[in-house]
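A.B. asks: Since the structure of chain A is already known, use the hints to place chain B on it.
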Amino acid sequence: MNGVLATPEATAPPTTQAPLLRASNVRKNYGNVQVLKGISLTVNAGEVMCLLGPSGSGKSTFLRCINHLERIDGGRISVAGELIGYTQRQGRIFEMNPREVSRQRRGIGMVFQRFNLFPHMNALENICAAPVGVKRIDKQHARKRALELLDRVGLAHVATSYPAQLSGGQQQRVAIARALAMDPQLLLFDEPTSALDPELVGDVLEVMRSLAADGMTMVVVTHEIGFARSAADKVVFMDGGVVIESGLPAEVIDNPQNPRTVSFLNSVM
Amino acid sequence: MSSPPPAVTVTGVVDADVNTDDDVAAVPLRHPWRWVVAAALFLGIAVLVVSLWTNPNIHHGTISKYLFNPKIVNGVGLSLLITVVAMVVSTVLGVLLAVMRLAKNPVMNAFAWLYVWVFRGTPLLIQIVFWGYLGLLYSQISLGVPFTDFTIFSVDTNTLVPAFTAGLLALTLNQAAYSAEIIRSGMLSVDPGQHEAAASLGMSPSYTLFKVVLPQAMRVIIPPMGNETISMLKQTSLLSVIAVLELYTVATQISSQNLRQVELLLVVSCWYLFLTSVLSVPQYYLERHYGRGNAAQQAPTPLVRIVSALRRAKHAPTEPTPTDTRGRKS
Chain A
4 MNGVLATPEA TAPPTTQAPL LRASNVRKNY GNVQVLKGIS LTVNAGEVMC LLGPSGSGKS
64 TFLRCINHLE RIDGGRISVA GELIGYTQRQ GRIFEMNPRE VSRQRRGIGM VFQRFNLFPH
124 MNALENICAA PVGVKRIDKQ HARKRALELL DRVGLAHVAT SYPAQLSGGQ QQRVAIARAL
184 AMDPQLLLFD EPTSALDPEL VGDVLEVMRS LAADGMTMVV VTHEIGFARS AADKVVFMDG
244 GVVIESGLPA EVIDNPQNPR TVSFLNSVM
Chain B
667 MSSPPPAVTV TGVVDADVNT DDDVAAVPLR HPWRWVVAAA LFLGIAVLVV SLWTNPNIHH
727 GTISKYLFNP KIVNGVGLSL LITVVAMVVS TVLGVLLAVM RLAKNPVMNA FAWLYVWVFR
787 GTPLLIQIVF WGYLGLLYSQ ISLGVPFTDF TIFSVDTNTL VPAFTAGLLA LTLNQAAYSA
847 EIIRSGMLSV DPGQHEAAAS LGMSPSYTLF KVVLPQAMRV IIPPMGNETI SMLKQTSLLS
907 VIAVLELYTV ATQISSQNLR QVELLLVVSC WYLFLTSVLS VPQYYLERHY GRGNAAQQAP
967 TPLVRIVSAL RRAKHAPTEP TPTDTRGRKS
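Protein chains in written order, with my numbering: chain A, 4 to 272; chain B, 667 to 996.
Simulated from the structure, these hints should not be mistaken for lab results.
Since the model is a prediction, treat every value here as computed from it, not as a measurement.
Even glycine gets a Cβ: it sits at the ideal position worked out from N, Cα and C.
Any given hint might turn out to be false.
[Claimed, not checked] Reference excerpt, derived from the structure (chain A facing chain B, CB under 7 Å, subset only):
1. Arg74
2. Arg108
3. His123
4. Leu127
[Said to hold, decoys possible] In silico lysine-lysine, DSS-like type, Cα no more than 27 Å apart, as pairs:
5. Lys900/B <-> Lys770/B
6. Lys737/B <-> Lys877/B
7. Lys731/B <-> Lys138/A
8. Lys731/B <-> Lys900/B
9. Lys147/A <-> Lys877/B
10. Lys877/B <-> Lys142/A
[Said to hold, decoys possible] Footprint (simulated), chain B over chain A, 3 or more residues, beta carbon under 8 Å:
11. 42-51
12. 164-172
One chain only, chain A, in its complex shape (with noise of 0.2 Å):
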């Protein structure tokens, strides 16, 4: 998976593992409006990538381009080696299938900012829904995966519990838990605690960081940026549908250079 599918215009890192996701110079147009006019980064295995910005600045768009929820319409897009949503044959693009597509989602997990649980399912059910349905996977395995990750988002008493009898928070957790039924290899979360009460945010950051702890490879969106100083690896300050500044949380939030950056930074501390 080497190299194979790398782009010319994407610029390998130094290390000598290759990035799991590895976006080049990435282009997405609503009508006559470029909302991302040249995205380009990478995220090791093992890392937490925070996307940080004003709303409007297209992070939310570059999200959800990872997992093909948007198609985009220049660069490229891979995860560990396979091009997203496309396939490459004799140096042609040609556009995938919808399977071809759902298959290369399941190991890309997706955190909503509005939670998105399926409302007619318990927390469980919503939790094995894919990993029976789509995975095939044993449904008595899959009760008892799904028992432990809601234990470990701190969950295991709602299990039964539907959606609409669940705080914000746990909704939330509920959410992650889903995601991680899949073993994605990356996970994706789209402003995670934007739509909970603010003392509820802090026990959906406590599972995230937990996570990072644990070695998943994560893009976040977020506007906390207590949470990206304290557990990401890489800060991405994105600006009107481009890259502005990039680096650790300690040179882009508490030495930033770009004056963008540091008026964003001061709106939101």
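C.D. replies: Frame of chain A, contents of chain B only:
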């Protein structure tokens, strides 16, 4: 309001004796006009019933004689059979058409649109007659290679499509067009985030449809579909124009012999009223089933409420039981 507020401690706990003073024991608001209107309505209905009962032009013996006449009961059975089969098949077709309408595939889209346009755009009565007279349009129906003389088999249309089949076809195909629109509206009511969540978990489009979208759409689909089922039952009477032996056809056949038209219409009306009442029961339970997870806690069914009320009456002098509180929670 005029009395001083009750003494409340700093922690917000109201003193016990103050609490009893503050209990609301207001005289309830009276609604005298409700009684007046109810009395007027009751009087009107009583006049109507008495005039029907004492009307010398209605032969009551005929009504009771034919209410459970075997021919009538068979007609009821056939009407019910047609209703159930037509609703089940048309719902399956409706799901298919709704999915086609919502698909990105322009061919499917256009086909589904055309189907709904044709079957919703022409009167049901005309469609029934059309299917009934199919034999006039195509005397033979054959399977073979189009535009050649090669045929695998060929049958007489009137053998393949007798009146019953023609009627069933007409009702089913017509209903599918309406059901498709109801099901489509239900599917559109599901939050787009649900599609995204399913996609992000790697679920295929068909798995997403059957496990995520349709179960949620059901909540919106069932009430209008209950309506459609009741319409369908009544529309089976239209099949009398192609002589399917359903309830209304049988009744008109009988009344054309004994000339008791009004009496047999009353017999038929009683049956339709009874059947439509019965059909609303499964709707209630389906709504409950698909409403799960939506309300934090569902109220007990009427049956459970009746049972617990009976139990309460039985154990009235004894201590209140857990069923007691459950019955009251509704």
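A.B. asks: Can Leu127/A be said to touch chain B, with a Cβ gap under 7 Å?
C.D. replies: 12 Å, violated
A.B. asks: Do the alpha carbons of Lys877/B and Lys142/A lie within 27 Å of each other, as the hint requires?
C.D. replies: 16 Å, holds
A.B. asks: With a cut-off of 7 Å, does the beta carbon of His123/A approach a beta carbon of chain B closely enough for the hint to hold?
C.D. replies: 5 Å, holds
A.B. asks: Was the hint right that Arg108/A lines chain B, CB cutoff 7 Å?
C.D. replies: It holds, given that the least Cβ distance between Arg108/A and chain B is near 4 Å, below 7 Å.
A.B. asks: Are the Cα atoms of Lys900/B and Lys770/B separated by 27 Å or less?
C.D. replies: 37 Å, violated
A.B. asks: Three residues minimum, CB to CB under 8 Å: does the stretch 42-51 of chain A make the cut for coverage by chain B? Let me know.
C.D. replies: With 0 residues in contact (Cβ-Cβ under 8 Å with chain B), the coverage given for the stretch 42-51 of chain A is violated.
A.B. asks: Holds or violated: are the alpha carbons of Lys147/A and Lys877/B at most 27 Å from each other?
C.D. replies: Holds, because 21 Å separates the two Cα atoms, which is no more than 27 Å.
A.B. asks: Under the criterion that the straight-line Cα-Cα distance not exceed 27 Å, is the pair Lys731/B, Lys900/B satisfied?
C.D. replies: 23 Å, holds
A.B. asks: Given Arg74/A was flagged as interface, is its beta-carbon under 7 Å from a beta-carbon of chain B?
C.D. replies: 12 Å, violated
A.B. asks: Verify this for me: three or more residues of the stretch 164-172 of chain A with a beta carbon less than 8 Å from a beta carbon of chain B.
C.D. replies: Holds: 4 residues of the stretch 164-172 of chain A have a Cβ under 8 Å from chain B.
A.B. asks: Given the hint that Lys731/B pairs with Lys138/A, does the C-alpha gap stay at or below 27 Å?
C.D. replies: 64 Å, violated
A.B. asks: Is Lys737/B close enough to Lys877/B, meaning Cα to Cα at most 27 Å?
C.D. replies: 44 Å, violated
Of the hints listed earlier, those the structure fails to meet are numbers 1, 4, 5, 6, 7, 11, in rising order.
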